[in-house]
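Student: For reference, the chains in residue letters:
There are 2 protein chains.
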Amino acid sequence: MKWISGALLALMLGTSAHSDTIVATGDLGLVVERATGSLLLVDQSERSSIGQITGLGDLSHASLVYSPDQRFAYVFGRDGGLTKIDITEKKIVNRVVQSGNAIGGAISDDGKLVAVSNYEPGGVRIFDADTLEMVADLPTDSKTIGLVDAPGRRFVFTLWDEGETWIADMSSGEPQITKITDIGVNPYDALITGDGRLYITGLFGEDGLTAIDLWDPKPEPIRVLPNYGRGQKDLPVYKMPHLEGWARAGREFVLPAVGHHQILWVDGESLEETGRTDTYGQPVFAMSRPDGRQVWVNFAHPLNDTIQVVDTVSKEVVHEFKPGKAVLHMEFTPRGHEVWVSVRDAGKVMIYDTQTFEKLGEIDAESPSGIFFTSRAHKTGL
Amino acid sequence: MKWISGALLALMLGTSAHSDTIVATGDLGLVVERATGSLLLVDQSERSSIGQITGLGDLSHASLVYSPDQRFAYVFGRDGGLTKIDITEKKIVNRVVQSGNAIGGAISDDGKLVAVSNYEPGGVRIFDADTLEMVADLPTDSKTIGLVDAPGRRFVFTLWDEGETWIADMSSGEPQITKITDIGVNPYDALITGDGRLYITGLFGEDGLTAIDLWDPKPEPIRVLPNYGRGQKDLPVYKMPHLEGWARAGREFVLPAVGHHQILWVDGESLEETGRTDTYGQPVFAMSRPDGRQVWVNFAHPLNDTIQVVDTVSKEVVHEFKPGKAVLHMEFTPRGHEVWVSVRDAGKVMIYDTQTFEKLGEIDAESPSGIFFTSRAHKTGL
Numbered sequence: 409m410k411w412i413s414g415a416l417l418a419l420m421l422g423t424s425a426h427s428d429t430i431v432a433t434g435d436l437g438l439v440v441e442r443a444t445g446s447l448l449l450v451d452q453s454e455r456s457s458i459g460q461i462t463g464l465g466d467l468s469h470a471s472l473v474y475s476p477d478q479r480f481a482y483v484f485g486r487d488g489g490l491t492k493i494d495i496t497e498k499k500i501v502n503r504v505v506q507s508g509n510a511i512g513g514a515i516s517d518d519g520k521l522v523a524v525s526n527y528e529p530g531g532v533r534i535f536d537a538d539t540l541e542m543v544a545d546l547p548t549d550s551k552t553i554g555l556v557d558a559p560g561r562r563f564v565f566t567l568w569d570e571g572e573t574w575i576a577d578m579s580s581g582e583p584q585i586t587k588i589t590d591i592g593v594n595p596y597d598a599l600i601t602g603d604g605r606l607y608i609t610g611l612f613g614e615d616g617l618t619a620i621d622l623w624d625p626k627p628e629p630i631r632v633l634p635n636y637g638r639g640q641k642d643l644p645v646y647k648m649p650h651l652e653g654w655a656r657a658g659r660e661f662v663l664p665a666v667g668h669h670q671i672l673w674v675d676g677e678s679l680e681e682t683g684r685t686d687t688y689g690q691p692v693f694a695m696s697r698p699d700g701r702q703v704w705v706n707f708a709h710p711l712n713d714t715i716q717v718v719d720t721v722s723k724e725v726v727h728e729f730k731p732g733k734a735v736l737h738m739e740f741t742p743r744g745h746e747v748w749v750s751v752r753d754a755g756k757v758m759i760y761d762t763q764t765f766e767k768l769g770e771i772d773a774e775s776p777s778g779i780f781f782t783s784r785a786h787k788t789g790l
Numbered sequence: 409m410k411w412i413s414g415a416l417l418a419l420m421l422g423t424s425a426h427s428d429t430i431v432a433t434g435d436l437g438l439v440v441e442r443a444t445g446s447l448l449l450v451d452q453s454e455r456s457s458i459g460q461i462t463g464l465g466d467l468s469h470a471s472l473v474y475s476p477d478q479r480f481a482y483v484f485g486r487d488g489g490l491t492k493i494d495i496t497e498k499k500i501v502n503r504v505v506q507s508g509n510a511i512g513g514a515i516s517d518d519g520k521l522v523a524v525s526n527y528e529p530g531g532v533r534i535f536d537a538d539t540l541e542m543v544a545d546l547p548t549d550s551k552t553i554g555l556v557d558a559p560g561r562r563f564v565f566t567l568w569d570e571g572e573t574w575i576a577d578m579s580s581g582e583p584q585i586t587k588i589t590d591i592g593v594n595p596y597d598a599l600i601t602g603d604g605r606l607y608i609t610g611l612f613g614e615d616g617l618t619a620i621d622l623w624d625p626k627p628e629p630i631r632v633l634p635n636y637g638r639g640q641k642d643l644p645v646y647k648m649p650h651l652e653g654w655a656r657a658g659r660e661f662v663l664p665a666v667g668h669h670q671i672l673w674v675d676g677e678s679l680e681e682t683g684r685t686d687t688y689g690q691p692v693f694a695m696s697r698p699d700g701r702q703v704w705v706n707f708a709h710p711l712n713d714t715i716q717v718v719d720t721v722s723k724e725v726v727h728e729f730k731p732g733k734a735v736l737h738m739e740f741t742p743r744g745h746e747v748w749v750s751v752r753d754a755g756k757v758m759i760y761d762t763q764t765f766e767k768l769g770e771i772d773a774e775s776p777s778g779i780f781f782t783s784r785a786h787k788t789g790l
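Quick note, the sequences are listed as chains A and B, same order. Just so we're aligned, residue 409 is where the first sequence starts under the numbering used here, counting upward by one. Just so we're aligned, residue 409 is where the second sequence starts under the numbering used here, counting upward by one.
Worth double-checking, as some hints may not be accurate.
The list cannot tell twin chains apart, which means a pair is met if one copy fits it or any two copies do.
[Unchecked claim] Straight-line distance between alpha carbons at most 25 Å, and here's what the computed DMTMM-like set of lysine to aspartate or glutamate pairs gives:
id, residue 1, residue 2
1, Lys-723, Glu-541
2, Lys-733, Asp-761
3, Lys-723, Glu-570
4, Lys-587, Glu-766
5, Lys-767, Asp-577
6, Lys-498, Asp-569
7, Lys-587, Asp-713
8, Lys-787, Asp-772
9, Lys-730, Glu-614
10, Lys-520, Glu-766
11, Lys-498, Asp-487
12, Lys-520, Asp-713
13, Lys-767, Glu-541
In case anyone wonders, no lab produced these hints; they're calculated from the structure. Note that the coordinates shown come from a computational prediction; the quantities given were computed from them, not determined experimentally.
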């Protein structure tokens with residue numbers, strides 16, 4: 409057998425030197441440090457932090473998206489700041505304050521456009537991803553929520569006051585707007601499924617949720633779980649769940665119930681309820697491991713020190729543990745072998761093996777909240 | 409409104425200089441140039457080639473996988489060569505000739521292990537992804553086919569002679585082998601679904617395919633489409649379809665029929681046939697656009713100059729065109745806005761908009777075959 413020692417050949421090829429100027433970004437991520445308005449740059453493979461970027465403004469409820477080459481991050485601050493970060497040079501390369509009060513953003517499937525959802529003034533603004541020059545302004549006279557990207561250079565968002573969902577098609581360069589009415593009373597958040605087909609809106613002012621099939625040439629509102637939600641029951645809701653937490657597990661979705669100590673199972677085709685699992689507290693995120701076999705759930709204050717892991721075949725809790733006070737977010741490695749957990753009051757990001765549940769490491773962080781791995785660059789709606 | 413010009417602020421921040429030493433790899437890819445034993449490094453955003461790496465040996469039927477940081481590619485040559493490429497430095501960093509005749513490989517979900525499937529000698533060998541030192545040798549006395557990675561640091565592969573599928577669990581460091589028998593006569597290729605749950609094997613010696621549910625604690629062979637395939641009918645089969653071409657479109661799979669001018673639709677849960685679509689020729693790849701709304705199909709010689717696009721809702725052909733002689737492979741950008749097509753005899757990789765079907769560009773390449781974008785690093789079974 410023509411066996412050659414790898415190490416020997418490596419020497420023959422003269423490949424000892426490792427260039428420090430090269431930063432491969434495929435296994436990096438950014439952790440939002442909300443108290444200090446900074447971002448911690450982390451390396452998944454090293455399980456360590458490799459830098460901090462400061463001067464991001466108000467990062468309460470902040471989120472971010474990545475450029476297709478996974479070099480740049482676009483950070484959406486609560487103060488209306490849109491900041492472009494170069495994670496290879498660990499610095500801010502551009503920043504605009506594009507509104508008085510913003511909540512979330514998205515990047516087009518071709519990576520050329522970045523959109524921001526605003527409260528003050530209401531509406532969505534769309535920017536050139538290279539220069540951050542505004543290329544489109546879509547005023548709404550309403551707070552806008554649930555802004556996501558959709559295939560075909562489209563953005564989808566929803567109006568809190570009017571209960572309307574707008575589809576902004578940017579494929580021609582100029583926005584072509586399709587408006588869908590009767591979404592429901594006070595939509596508070598929305599998500600798009602990973603395939604970009606279903607846009608699902610949570611309602612604050614009435615029970616249930618509303619789905620839209622973006623493959624339908626004339627999309628109509630579809631009511632989902634009409635007997636669930638906050639609605640008029642005036643349940644004590646400590647924190648509205650994040651709909652990004654909607655997990656796709658095989659053919660089912662998993663939804664954090666609003667105001668109940670439960671997660672709900674919904675058939676991905678019929679959108680009918682298929683089951684309920686009792687949980688430790690009011691769920692905030694119900695995140696599916698990438699293979700869909702497990703759902704990891706965290707909870708609202710005062711029970712936010714605990715995580716439960718639910719098996720998606722048995723729908724039973726198979727593991728429970730307490731990483732510490734204020735578990736705010738969870739992010740899986742792209743192929744799901746690890747999960748990273750923000751534990752705000754411990755000032756740590758904690759890392760766990762998703763097969764053995766063993767703790768693999770932890771990273772110091774200032775009041776960590778959202779964790780965003782660069783692999784999001786290649787997914788729809790994240 | 410506190411509007412600040414992006415360009416102005418960029419100057420204020422002093423970010424004009426762009427470091428040429430930085431290579432962000434998230435939007436790169438490698439194209440196999442089989443005739444010359446070389447790889448072309450391409451940039452999706454620029455729609456251009458940015459380098460060539462030579463000295464890869466026999467790249468007929470070659471494939472490759474990426475490290476989690478998307479810096480390194482592991483190339484599996486037909487001659488048994490396992491070559492580690494640094495795409496940021498555009499060079500070979502290590503190469504071992506690990507067998508006399510190999511076909512395909514995989515990388516573990518943690519990125520630490522690379523496995524190669526061998527014909528001569530039969531079996532699978534597993535290597536340290538850093539050093540390419542062999543860490544496990546799994547002889548089989550049979551050609552092995554359909555090697556894939558599965559969640560939980562597992563590899564799955566199948567024995568052509570015995571019709572057995574082996575699951576090698578490397579989570580403990582030492583391989584733990586589970587053998588599943590009665591897969592069928594002469595399995596020739598296999599795939600694993602994107603969620604890592606179903607392993608599906610195509611049969612050369614009899615009709616039908618065989619599925620295994622890897623979530624089942626005691627996996628049993630499940631027969632799929634028992635009346636389809638080459639089987640004993642001895643159809644003129646110009647090229648066996650690639651099962652990697654199995655596309656997931658919503659709740660259905662799409663399968664290139666063997667020896668027939670058809671693609672087949674299979675329910676993802678029941679694995680029952682749900683429809684057939686007549687095609688221009690014998691399909692080789694039936695690739696789903698990432699959103700699952702379209703399936704792109706290429707064909708076996710002598711009809712390999714044509715591509716058909718099938719809508720997954722109507723199951724009808726909605727577009728047909730002729731890029732040129734010998735369309736060998738298609739790769740979608742991660743979010744599906746473009747598709748890149750290898751046209752061997754034209755010596756071009758051609759790039760198309762998947763919404764408008766407009767041709768966006770082309771890149772010169774030496775007899776291009778497989779196209780592999782770095783986003784594969786974050787997917788199971790690719």
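Student: Could you tell me which of the hints above the structure violates, numbers in ascending order?
Tutor: 1, 3, 4, 6, 7, 8, 9, 12, 13
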